[in-house]
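A.B. asks: Protein chains in written order, with the working numbering: chain A, 1 to 313; chain B, 314 to 633.
Worth double-checking, as some hints may not be accurate.
[Unchecked claim] Derived pair list, reagent style DSBU-like, types lysine-lysine, alpha-carbon separation capped at 30 angstroms:
#1 502/B <-> 155/A
#2 629/B <-> 102/A
#3 103/A <-> 553/B
#4 622/B <-> 102/A
#5 190/A <-> 362/B
#6 629/B <-> 553/B
These aren't lab readings, by the way, just hints derived from the structure by calculation.
Values in this document were obtained by computation on a predicted structure and should not be read as measured data.
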Amino acid sequence: MNWITNYVRPTINSLFSRREVPDNLWTKCDDCGTMLFHRELADNLNVCTNCDHHMAIGARDRLKSIFDGGVFVEVAVPEPVADPLHFRDQKRYTDRIKEARKKTGEKDAMLVAEGEMGRTPVVVAVQDFSFMGGSMSMYVGNAIVAAAERAIALKRPLILFSAAGGARMQEGILGLMQMPRTTIAVQMLKEAGLPYIVVLTHPTTGGVTASYAMLGDVQIAEPNALIGFAGARVIEQTIGEKLPEGFQRAEYLLDHGMLDRVTMRTALKDELVTIVRLLMKQDAPVKGDLPAPEITSEATLQLEDPIVPDDAK
Amino acid sequence: MTQYLDFEKPLAEIEGKAEELRAMARENPEMDVEKEAAALDRKAADLLKSLYGDLTAWRKCQVARHPERPHCQDYINALFTEYTPLAGDRNFADDLSVMGGLARIEGIPVMVIGHEKGNDTKSRIERNFGMARPEGYRKAIRLMELANRFGLPVITLVDTPGAYPGKGAEERGQSEAIARSTEKCLELKVPLISVVIGEGGSGGAVAFASANRVAMLEHSVYSVISPEGCASILWKDAEKMRESAEALRLTSKDLHELGVCDRIIPEPEGGAHRDPDTAITSVGEAIVSMLNELRDLSGDKLRADRRNKYLALGSKGLAA
Chain A
1 MNWITNYVRP TINSLFSRRE VPDNLWTKCD DCGTMLFHRE LADNLNVCTN CDHHMAIGAR
61 DRLKSIFDGG VFVEVAVPEP VADPLHFRDQ KRYTDRIKEA RKKTGEKDAM LVAEGEMGRT
121 PVVVAVQDFS FMGGSMSMYV GNAIVAAAER AIALKRPLIL FSAAGGARMQ EGILGLMQMP
181 RTTIAVQMLK EAGLPYIVVL THPTTGGVTA SYAMLGDVQI AEPNALIGFA GARVIEQTIG
241 EKLPEGFQRA EYLLDHGMLD RVTMRTALKD ELVTIVRLLM KQDAPVKGDL PAPEITSEAT
301 LQLEDPIVPD DAK
Chain B
314 MTQYLDFEKP LAEIEGKAEE LRAMARENPE MDVEKEAAAL DRKAADLLKS LYGDLTAWRK
374 CQVARHPERP HCQDYINALF TEYTPLAGDR NFADDLSVMG GLARIEGIPV MVIGHEKGND
434 TKSRIERNFG MARPEGYRKA IRLMELANRF GLPVITLVDT PGAYPGKGAE ERGQSEAIAR
494 STEKCLELKV PLISVVIGEG GSGGAVAFAS ANRVAMLEHS VYSVISPEGC ASILWKDAEK
554 MRESAEALRL TSKDLHELGV CDRIIPEPEG GAHRDPDTAI TSVGEAIVSM LNELRDLSGD
614 KLRADRRNKY LALGSKGLAA
């Protein structure tokens with residue numbers, strides 16, 4: 001141990017390692033550790049090109065990946081009462097919301113859009129895990145109700161991508177009451193004879209799984225997505241034993257009869273088109289990348305720039 | 314012998330002293346302690362009144378969980394006649410944490426379903442402390458469906474810490490079972506009345522309580538998460554349950570203001586566990602009165618009203 005090993009070598013090493021990992025161009029796969037060129041990774045919808053590990057994909061990127069040409073029109077969601085309980089833990093709920101809006105550029109944890117998917121008109125709702133863990137808030141409930149109403153008005157199927165830790169604690173009982181509210185939205189779709197397809201993405205747990213995310217006509221999950229009601233740690237503490245490998249993962253649920261399919265993200269769009277067109281008794285789909293449909297209404301193009309809510313600017 | 318809660322310690326002391334005096338007098342007949350003992354009784358009664366007149370949210374949670382609080386079984390035995398338990402989910406098992414069956418209340422045939430926590434070590438284990446597994450929810454779904462077909466009102470008594478977090482429960486679709494039970498509640502074309510008699514623990518409660526009328530016993534609670542769970546997530550310290558209980562607004566008064574609870578059923582002085590008969594009678598009266606409110610409505614109207622009630626929830630928050 002001397003001046004050279006203690007000071008010179010670390011400095012030299014850090015110079016090298018800094019040059020080796022320019023974080024704006026490369027992403028390291030969470031699972032296999034392969035360095036992935038960011039554009040290639042984005043083209044593959046954030047699925048590792050080496051090991052097929054599914055990394056998180058943003059809600060807007062998800063919508064782009066589903067709609068033809070990445071074009072969709074957002075469905076307006078009615079704003080609920082802000083902070084109904086005047087909730088405060090170590091931080092105020094209103095401050096947490098402000099932070100989440102600033103971080104994500106979104107209003108809350110769910111986006112709803114309409115458009116065409118393989119030339120098939122659909123309404124799509126995407127839960128945004130990056131917004132307070134995707135938690136089910138009154139806004140999320142409103143979004144699901146709005147999505148169902150829009151699908152019914154347009155006689156289109158609703159496809160919902162779930163991702164959440166559960167109900168939003170900061171909205172207390174009103175967060176919990178989104179379980180019956182969203183269940184009603186699903187019932188309205190069923191009564192209208194329209195398909196409701198759920199794609200469970202990593203992670204979907206708690207009250208979200210115990211309501212709209214488990215009530216789909218067809219239940220699909222992405223590979224290795226964590227899906228369950230109670231958290232694994234709580235279960236281990238309760239039963240006093242280690243849980244088996246793969247517990248609460250998509251493949252485990254498929255084995256236990258809780259899902260219809262586990263499907264790679266890169267194959268999802270084609271599969272959804274097929275399922276929806278069969279259920280709707282439409283002609284067989286045309287496979288492959290289709291150009292964007294013509295914009296007919298007051299459509300907003302959602303290609304590169306997300307709409308940032310005023311208070312988040 | 315009453316089990317005292319931690320905040321009732323001063324009360325336990327006074328009541329203990331009065332009891333000691335009387336015990337001494339029984340041994341020494343020449344002693345006259347009645348005057349002193351009566352004064353202690355009055356002091357205890359005043360203290361009880363002031364303690365229960367202004368319970369904090371956390372204390373309400375403690376009262377709601379009091380082991381001597383009347384449970385589902387007690388209400389069914391006292392309020393219903395011809396109770397005929399029906400068992401099993403027809404798929405896997407009979408979950409004893411959920412009890413239910415055909416019965417009559419004031420001559421009206423109904424289906425009654427509830428969580429049962431048990432009242433001694435053996436029955437608590439048998440009842441899994443009121444934490445239902447998927448089979449429990451699936452049994453409830455089956456009984457609700459039966460009631461629906463024969464036009465019987467459904468009465469649910471809610472008292473659960475939450476759905477059971479277990480390996481088998483997850484494997485057999487705990488979340489799906491809860492979702493379907495909630496869905497069934499919302500589908501019914503018969504009156505559905507819920508009374509939260511103790512703990513309304515999250516999704517496990519919603520699965521029974523998505524009802525036309527939700528009543529709560531005064532000191533019962535109904536929450537998205539237990540105060541301990543919330544404290545450990547948001548405060549990173551499970552010991553902060555007093556703060557989290559306050560923040561969660563889980564009392565009957567708050568829920569009434571938010572429109573989640575339609576009716577608060579007053580409890581006897583010192584909570585339902587100090588006078589179970591009075592508490593049970595009040596619950597019975599509330600059930601009958603709510604049944605009467607709903608009995609002339611058509612099936613379609615009952616279902617539509619229930620849905621509209623939930624769709625409208627959250628349009629107003631609590632006053633600042």
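A.B. asks: Take the hints in turn and mark each one as holding or not.
C.D. replies: Hints, one by one, checked against the model:
1. 502/B <-> 155/A: holds (26 angstroms)
2. 629/B <-> 102/A: holds (26 angstroms)
3. 103/A <-> 553/B: holds (28 angstroms)
4. 622/B <-> 102/A: violated (34 angstroms)
5. 190/A <-> 362/B: Judged against 30 angstroms, a Cα distance of about 52 angstroms means the pair is violated.
6. 629/B <-> 553/B: holds (28 angstroms)
Hints 4 and 5 from the list above are not met by this structure, while the remaining hints are.
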